[in-house]
Amino acid sequence: MPEREIREPDNSTVDDWFGQQAARDADVANQAVSEAKGDLEEAEELYEERAKGEEKYAAGHRRPD
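First residue of the sequence shown: 1448, per the numbering used here; consecutive thereafter.
If you're looking for bench data, these hints aren't it; they were derived computationally from the structure.
Derived SDA-like pairs: lysine to any residue, alpha-carbon spacing no greater than 20 Å straight-line:
hint	residue 1	residue 2
1	K1499	E1488
2	K1499	W1464
3	K1484	A1473
4	K1499	L1487
5	K1484	E1495
6	K1499	G1466
7	K1499	A1476
8	K1484	R1497
9	K1499	N1477
10	K1484	D1472
Cβ-Cβ distance ranges computed for the label pairs, FRET-style:
hint	residue 1	residue 2	range
11	K1499	D1457	18 to 24 Å
12	L1487	E1450	46 to 52 Å
13	E1496	A1470	14 to 20 Å
14	E1452	N1477	34 to 40 Å
15	E1450	E1496	42 to 48 Å
16	F1465	E1488	24 to 30 Å
The structure presented is a predicted model; accordingly, all values stated were derived computationally and were not measured. Using N, Cα and C, we set each Cβ at its ideal position, and we do this for glycine too.
With these hints in hand, go ahead and build the complete structure from the sequences.
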């Protein structure tokens, strides 16, 4: 059987895999620390406003009833 190329549909969520979102959130954390000039409490507030990984993960991985 010949191998076929795997193509993701335009609305694919492949880029929303947990590891990829965690990497994006790490970038958000680094940017927050930089903007807060090392003030970790301020950086935490900035991070909480901007990071989306936890929300996206929870939305895609609901616990069974």
